[in-house]
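Both chains are given apart, each in its own frame, so use the hints to dock them into the complex.
Protein chains in written order, with the working numbering: chain A, 1 to 279; chain B, 1 to 267.
Read the hints as simulated data drawn from the structure, not as lab findings.
There's no promise every hint is true.
In silico PhoX-like links for lysine-lysine, alpha-carbon gap of 25 Å or less [what the hints assert, rightly or not]: (1) Lys210/A - Lys263/A; (2) Lys250/B - Lys279/A; (3) Lys210/A - Lys279/A; (4) Lys245/B - Lys263/A; (5) Lys262/A - Lys245/B; (6) Lys129/B - Lys219/A; (7) Lys262/A - Lys250/B; (8) Lys165/A - Lys76/A.
None of these values were measured; they are calculated from a predicted model.
As a plain string of letters, each chain reads:
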Amino acid sequence: MAFVNLQNVTYKYPLTKAPVLQNVNLQVDEGEFVSIVGPNGAGKSTLCYALAGFVPHFFKGEISGSIEVDGKESSKSTLDEWVLNVGLAFQNPFNQISGAKYTVFEEIAFGLENIGVPREEMKSRVEDAMALTGIRDLADRSPYSLSGGQQQRVALTSILVMRPKLLVLDEPTSQMDPIGTREVFGTIRKMAEEGMTVVLVEHKMEWIAKFADRVIALKDGSVLLEGKPNEVLTSDLLVENGFGISRYTSTAREAKKQGIWKKESLPVTLDEAAEGFTK
Amino acid sequence: MNIEIKDLRFTYPTGLEAVSGISLTLEAGEQVAIVGQNGAGKTTLVRHFNGLLQPTSGSVKIGDWDTKKTSVAKLASRVGYVFQNPDEQLFSRDVLTEVTFGPRNLGYSKEKTDGLVERALALTELSDKTETNPYDLSPTWRKMVALASIIAMDTPIVIFDEPTTGQDAVNVARIANVIAELQKEGKTVITITHDIDFCAENFERVVALSKGQVLLDGPAREILGQEEILAQTYVEPPQLTRLGKRLRLKETVRNQEEFLNAIARRA
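Okay, chain B solo, but in the shape it has when bound (with noise of 0.2 Å):
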């Protein structure tokens, strides 16, 4: 299922405008990272794709729905949204209601609904916390229940705001491995990060934004050693990849694996 966006154009009501014409497609199936300076206009784009915001021009389809015609109830079945801060998004008494309460909305049956939890809270390792309150686990952890409560749902497309935000490596480690695992059912992975080591070592696509504009679009490898282009949106490559470019290796690295085969080679 794909995204498609066309000229899509959004101002807030104090008149700032947030997104100033941006048209993408994003492909089912797609792990896509965007990255981009504080303010230029990520959460407000990717608020489209469910519906939380209506373009003020131009507009979002997801698969054959668009989002003007659609409500956000039943865009929720198709996108699932993880918050940037999870409090702004838990309500529940206990872990187990928490993440059950997105898939029983969607009228799935009993079975499927108690298949997709286990999986949700296995997935991310919650399975023994489920009869804690969420507000007595730690942020880390809480962040862990938003992640399940909405991977619960068995959206075809999920979006994570800032997932690594106060992350210690452990917990980076485990956010990784569930976009992995998503990727691997072919569900659309779109990722709003700061953290641009964790985006060139999981995502194969990279927008970069600015000023509520498209600066550049295309193969992780290809656009993340792009520096000076970068800089305009307050970017800067990877620790590796800057690394690679200071020694001049011939290509460009995105991780460990990489660079250490780059040097070998030189060597």
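Same shape as in the complex, but just chain A (with noise of 0.2 Å):
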């Protein structure tokens, strides 16, 4: 039994005309590490909502289908039970943060002070997620006084803290720098090796093919294709449906039509590209 299992997922938003999702299926087992992929509009945030209780008990509507995370019905449980097994880390930080708190410490607090864990715990807890993260020389600076980068670390720190079962992301690292961003993909394998499942919606086509392991493609709402990151990723019906490939891919393909690549499968990364364009 997967630890994440979604049937035949249709849901509509109370105001749309359309579902947002149409009979969407996906299995994510426990550890595992899945990024999703789409154009705009394709639902990749409406699922993240699925996934994380807030479609459909937050923003309502009409959802058909079952949705299971570690052996529980979202449709049979609220709100408050979902969060302590699914945390999600919005696409936009501003959006996230509690506007209640003066210091970034006392945010990534927030959610564990709900919850009602002891102080001495939830201390050390904020200090072992701001560390993993990197974030410590923030720990006493306002969260808005932040820039947008150091927002999204500090979005993500304060999911990580909760320690769910179930990680869903909504392309966290979309303000930051591209080395900030490695750091964070780091930070993410590291949890999904510690046993955390994790579900990432990724525009960065090349730090997919590196640390996921199945890639999900979503249009319209609907799953296109999905299979290993290499397959997944350089599949011609990505281009054709207006999905955003690596540049090494679209080179690659390019070079394919001029004799100049020689190899039938094309790459994502640097070292795959570097590799066949070897002479």
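In structure tokens, the structure reads:
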């Protein structure tokens, strides 16, 4: 039995005409790191909300099919039960920061306070989480005084500190510098290796190819393609459907037409591209 | 119209010095990308150009206007600024009202305003969404509304703060097209970005900031190949530039065309 199990999930927000998710089937094993890719409007964020219980518990709307995480069904749980197992870092960190706290340290402790974690344990968990994401030097700053990328790290940390079984991340590095992005991907990979299940929405294909176990390509609310990162991310279907692809892939595809790229498979990462282009 | 920045320093009320002595001249009609790690001072720097922030010391001049002596309202006729987060910028009931607000506020005639709005909507592919409330649009399209509402002001200088964040390939191409059009019209375009591939493909000059100072400044081709110096500010060269280096190509390549030409020459 998969740790995350979505069966025929179809969902429509209260005020939209067409469903945003259509017959989505998705299984994720415990400790697996799955990445979701897709053009804007494919339903990626809505899928994140569905995994995190916000759809339908918070947003309402019409849903059919079933969503199970760790053997529990979303429709039979309340949101405050659900958040103990599943953590979601929002696409826009500004929407996630509570607005109720004056410092980054307190912001990160906010979730633990709400579930009644003892004070000493709370302090050490916040310290550990800040060390993990490299933001200890921000502890005393106001969350609103931070740059976009720093806010994203705080938003991620405030979820990691809850130690969710399922970690759902909606473009967690979109405002980060490239080396910051690499560090965050490394942290997420480490969490997966320690047994956390990860679902990550991301546009940065090279990083997905390096770190994710499996990729799901979403288009118009349905799963278009799924499989190993390199198979999915180099598929012609992605280009035909308006997905962004790595420059290594697009350049090798062009080079293949010109007879310069000799290998059958296309690259996603620098190492793969360098190997294929080496004489 | 040049932007002249002299010995600029800025300290936030919290005591954090975000800009620590920057001198730069950005010339009329230049396309400049500003890159650098989170917290390097990129947004703080550009917020001086339209007077949202005032120098703690040093000066910023937009043409002959010193930003210390010019109101934000007046500066808005020379400098348009598209925010990183469109939700901090949009406030009108529908797209048409939103995009019309800027040019009307600048006191342009109705005829001129209508023409500018129409062009801005066409460039951003929003012409069929004029009656929609911006908050009923997806974040992608809200970003385009934010772009359109600034472009419609027809300022000689346009600033984009992280225009490609969270945008898919189709929309990134759309934004690149907007920047190319502004370039054709002779406007100065200044863009803050972490998307170094986008930077390589669309900008001729790159300024890399680190810890509130200029680390590198020059033509994109020279700057983007300097892997070790860029790493100091957490920036990596573009994908194809890195690949070119790995393959020991003689020249620094920035895009697919340059890369494939260099490969063909090698063969």
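Against which earlier hints does the structure fall short, listed by number upward?
Per hint list: zero violations.
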